[in-house]
Amino acid sequence: MYKILLVDDEILVRDAIRENIDWKSLDCELVGDCENGRQAVEFVQSHKVDVVLTDICMPYMDGMELSEFLHDNYPDILIVIFSGFGEFEYAKKAIRYNVSEYMLKPVTAMELTKVLRNMKEKLDSRKKEQKKMESLSQTSKDYHKNVDVIRSKALETLVNCTRDVQVSLLELKKLGISFDCSSYRVAVFDMDTYSEMYQVDMHKQQESALMSFVLFNISNEIVARENAGVAYQEGSNRVCIIFTGCRSREFGDKIHSICQEIQQKVKEVIGIETSIGIGSWVRSPQELVYSYKLAEKAIGYRYLLGGSLLLDMEEKKTDNSINLIKSLETLTEEIKVGNRQKVTEILEQIEHEIKGALVEKSYACIYLQQVIRAIGNTCQSLSDDPEKIIAQREKLLKEVSQAKTFDKAVTLVKEYAEGVFESLQDLNSSSGQRQGMMAMDYIRKNYMDPDLSLNSICSYLNISTSYFSTIFKEMTGETFIESLTRIRMEKARELLENTTLKNYEIAEKVGFSDPHYFGISFKKMTGKTPTEYAREKRR
Numbered sequence: 045m046y047k048i049l050l051v052d053d054e055i056l057v058r059d060a061i062r063e064n065i066d067w068k069s070l071d072c073e074l075v076g077d078c079e080n081g082r083q084a085v086e087f088v089q090s091h092k093v094d095v096v097l098t099d100i101c102m103p104y105m106d107g108m109e110l111s112e113f114l115h116d117n118y119p120d121i122l123i124v125i126f127s128g129f130g131e132f133e134y135a136k137k138a139i140r141y142n143v144s145e146y147m148l149k150p151v152t153a154m155e156l157t158k159v160l161r162n163m164k165e166k167l168d169s170r171k172k173e174q175k176k177m178e179s180l181s182q183t184s185k186d187y188h189k190n191v192d193v194i195r196s197k198a199l200e201t202l203v204n205c206t207r208d209v210q211v212s213l214l215e216l217k218k219l220g221i222s223f224d225c226s227s228y229r230v231a232v233f234d235m236d237t238y239s240e241m242y243q244v245d246m247h248k249q250q251e252s253a254l255m256s257f258v259l260f261n262i263s264n265e266i267v268a269r270e271n272a273g274v275a276y277q278e279g280s281n282r283v284c285i286i287f288t289g290c291r292s293r294e295f296g297d298k299i300h301s302i303c304q305e306i307q308q309k310v311k312e313v314i315g316i317e318t319s320i321g322i323g324s325w326v327r328s329p330q331e332l333v334y335s336y337k338l339a340e341k342a343i344g345y346r347y348l349l350g351g352s353l354l355l356d357m358e359e360k361k362t363d364n365s366i367n368l369i370k371s372l373e374t375l376t377e378e379i380k381v382g383n384r385q386k387v388t389e390i391l392e393q394i395e396h397e398i399k400g401a402l403v404e405k406s407y408a409c410i411y412l413q414q415v416i417r418a419i420g421n422t423c424q425s426l427s428d429d430p431e432k433i434i435a436q437r438e439k440l441l442k443e444v445s446q447a448k449t450f451d452k453a454v455t456l457v458k459e460y461a462e463g464v465f466e467s468l469q470d471l472n473s474s475s476g477q478r479q480g481m482m483a484m485d486y487i488r489k490n491y492m493d494p495d496l497s498l499n500s501i502c503s504y505l506n507i508s509t510s511y512f513s514t515i516f517k518e519m520t521g522e523t524f525i526e527s528l529t530r531i532r533m534e535k536a537r538e539l540l541e542n543t544t545l546k547n548y549e550i551a552e553k554v555g556f557s558d559p560h561y562f563g564i565s566f567k568k569m570t571g572k573t574p575t576e577y578a579r580e581k582r583r
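One gets our numbering by counting positions in the sequence shown from 1 and adding 44 to each.
FYI, nobody ran anything at the bench for these hints, they're computed from the structure. A virtual CB, placed ideally from N, CA and C, is assigned to each residue, including glycine. Heads up, some of the hints might be wrong.
Derived pair list, reagent style DSBU-like, types lysine-lysine, alpha-carbon separation capped at 30 Å [what the hints assert, rightly or not]:
| # | residue 1 | residue 2 |
| --- | --- | --- |
| 1 | Lys370 | Lys175 |
| 2 | Lys176 | Lys341 |
| 3 | Lys175 | Lys309 |
| 4 | Lys175 | Lys92 |
| 5 | Lys517 | Lys546 |
| 6 | Lys553 | Lys489 |
| 7 | Lys546 | Lys535 |
| 8 | Lys553 | Lys572 |
| 9 | Lys172 | Lys158 |
| 10 | Lys386 | Lys399 |
| 11 | Lys176 | Lys164 |
| 12 | Lys370 | Lys535 |
| 13 | Lys432 | Lys458 |
| 14 | Lys568 | Lys581 |
| 15 | Lys399 | Lys380 |
| 16 | Lys489 | Lys568 |
| 17 | Lys399 | Lys370 |
| 18 | Lys197 | Lys47 |
| 19 | Lys158 | Lys176 |
| 20 | Lys535 | Lys380 |
| 21 | Lys370 | Lys442 |
| 22 | Lys546 | Lys432 |
| 23 | Lys517 | Lys553 |
| 24 | Lys197 | Lys164 |
| 25 | Lys68 | Lys197 |
| 26 | Lys448 | Lys386 |
| 27 | Lys405 | Lys311 |
Derived Cβ-Cβ restraints for the label pairs, each shown as a range [unchecked claim]:
| # | residue 1 | residue 2 | range |
| --- | --- | --- | --- |
| 28 | Ala268 | Met154 | 53 to 59 Å |
| 29 | Lys452 | Asn542 | 33 to 39 Å |
| 30 | Glu538 | Asp451 | 32 to 38 Å |
| 31 | Lys442 | Thr152 | 51 to 57 Å |
| 32 | Pro559 | Ser365 | 37 to 43 Å |
| 33 | Val313 | Gly382 | 50 to 56 Å |
| 34 | Ile564 | Thr544 | 57 to 63 Å |
| 35 | His115 | Val193 | 37 to 43 Å |
| 36 | Glu312 | Glu251 | 14 to 20 Å |
| 37 | Glu86 | Lys452 | 46 to 52 Å |
| 38 | Glu404 | Arg293 | 25 to 31 Å |
Build the full structure now, drawing on both the sequences and the hints.
Written out as structure tokens, the structure is:
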């Protein structure tokens with residue numbers, strides 16, 4: 045029976061609860077009642093208690109202080125708090141102490157009985173889980189005492205070539221395992237729940253060792269039944285299979301069928317999804333390491349394709365490079381014209397293209413970062429607060445690289461694109477501001493043209509020079525010439541810092557047909573001649 049402790053400073057409340065609850069029918073026993081938290085602390089230190097029912101307002105130590113003590117020292121004890129109406133919101137703050145239930149006074153016998161039933165269900169579930177883990181733990185301990193552990197270590201050593209292959213083969217032969225087939229393949233099994241896709245704490249790491257033993261048992265049983273190879277446990281998290289046979293379509297299909305059966309069986313038995321990578325065919329035990337490395341690489345594609353993966357590296361295409369330049373150009377143009385549907389289609393097309401190419405995580409992140417920069421640059425060119433846009437973009441670039449899965453990373457990019465649309469809609473509410481932003485975008489794209497002028501940009505925008513000058517000054521705080529010169533000087537500084545181009549070459553690249561005039565303008569803005577600046581900054 046589960047042990048219940050009641051804590052309340054009102055004796056009438058304690059008596060009423062003791063007398064009006066059918067404890068036996070709940071499989072519970074009221075083992076004690078205390079007047080305050082201090083007495084309750086002394087009681088739990090010397091008695092077994094499963095659930096504490098406590099009031100909040102009590103002398104010496106109140107219910108919140110008691111909950112904190114139990115949380116820190118007896119985390120397995122379930123806590124139910126009683127509180128008056130005025131204390132109810134305060135009581136709910138006790139969530140940080142893992143309080144299971146909050147009950148508003150006065151508490152009826154029916155209400156408390158219902159809560160106690162809930163507590164019993166939680167305790168039953170916990171006990172069942174503990175028994176399961178104890179059973180697995182014992183089975184695992186038994187396993188590590190027998191020859192299977194030696195067998196697994198010997199197979200792992202063979203596959204990873206951590207010692208002479210002939211020595212490993214001789215040891216395995218003594219254990220009754222011979223490798224005398226024409227072809228071999230290695231498959232790596234990795235449980236998704238304990239992978240890099242999720243946050244794995246110490247408890248999960250301990251649990252994974254037990255669950256991988258279940259995976260090993262299932263794999264070993266099925267592979268032995270099919271006489272298709274040998275399974276072994278790698279470390280404490282993975283299981284590998286060395287498939288042995290002849291290289292044929294029939295045996296390849298059989299390997300797939302075995303892997304799928306293992307996936308399904310593991311899901312049925314312990315409710316865990318498993319990803320599988322199958323390496324290429326090799327002709328000798330000495331080459332098993334190459335098949336293993338490819339199988340392990342296949343597991344890495346779980347980031348891109350999601351869990352419950354079954355990837356055969358023999359079927360993977362070798363050319364996995366993609367070029368997003370054209371897609372990104374179209375994307376930026378559609379953003380500028382405000383075509384939300386088209387932008388969504390392009391982003392989904394890029395997502396599909398990256399997944400279809402089966403690129404590694406690092407490359408997938410690079411492609412998404414290209415998309416983010418394209419969106420960000422477009423928004424920046426049309427924004428009156430480019431620094432804010434840059435800060436948002438840099439934060440997102442970091443978040444995308446840290447995302448556990450490609451799908452989560454893509455979601456971040458789509459949310460970013462949606463945010464850009466909201467910003468541009470705000471800009472569209474003012475036609476003058478919109479035209480000013482378009483002008484800045486035009487300048488950034490054409491600053492290298494020596495013939496860029498007020499007339500040419502007004503012709504592009506189809507507005508008069510006087511109107512343009514007014515709205516541009518209001519939006520940027522600068523005249524057209526001041527903005528153009530500033531942008532040209534920014535580009536000139538970049539070239540002076542990062543290239544070995546001559547001053548006249550840089551002048552030409554930033555839109556100055558006269559190098560002498562470029563030098564005068566540069567010194568006026570920076571206080572240094574181009575030569576002095578380059579000498580100081582060039583890397």
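| said: What's the verdict on lysine 517 and lysine 553, does the C-alpha distance respect the 30 Å limit or exceed it? | reply: Cα-Cα ~26 Å, so holds.
| message | Tell me if the straight-line CA distance from lysine 399 to lysine 380 falls inside 30 Å. | response | holds (27 Å)
| message | Tell me if the straight-line CA distance from lysine 386 to lysine 399 falls inside 30 Å. | response | Satisfied, since the Cα-Cα distance of roughly 20 Å is no more than 30 Å.
| task | Verify the proposed pairing of lysine 370 with lysine 535, using a straight-line Cα cut of 30 Å. | result | Judged against 30 Å, a Cα distance of about 25 Å means the pair holds.
| task | Measure nothing beyond the straight line between the CA atoms of lysine 448 and lysine 386; if it is 30 Å or shorter, mark the hint as holding. | result | holds (28 Å)
| query | So does glutamate 404 sit 25 to 31 Å from arginine 293, Cβ to Cβ? | reply | holds (29 Å)
| message | Check the hint pairing lysine 175 with lysine 92 against an upper bound of 30 Å on the C-alpha distance. | response | OK: lysine 175 and lysine 92 at ~19 Å, within 30 Å.
| CA of lysine 175 to CA of lysine 309, is that 30 Å or under? | holds (21 Å)
| request: Compare the distance between the alpha carbons of lysine 176 and lysine 341 with 30 Å, and conclude whether the hinted pair is satisfied. | output: Judged against 30 Å, a Cα distance of about 33 Å means the pair is violated.
| message | Need the status of pair lysine 197, lysine 47: alpha-carbon distance at most 30 Å? | response | Violated. Lysine 197 to lysine 47 sits at ~46 Å, over the 30 Å cutoff.
| field | Given pair status - lysine 164, lysine 176, alpha carbons within 30 Å | value | holds (18 Å)
| Is lysine 399 close enough to lysine 370, meaning Cα to Cα at most 30 Å? | With a Cα-Cα distance of about 18 Å, the restraint between lysine 399 and lysine 370 holds, given a limit of 30 Å.
When held up to the earlier numbered hints, the structure conflicts with 1, 2, 5, 18, 22, 24, 25, 34 and fits the remainder.
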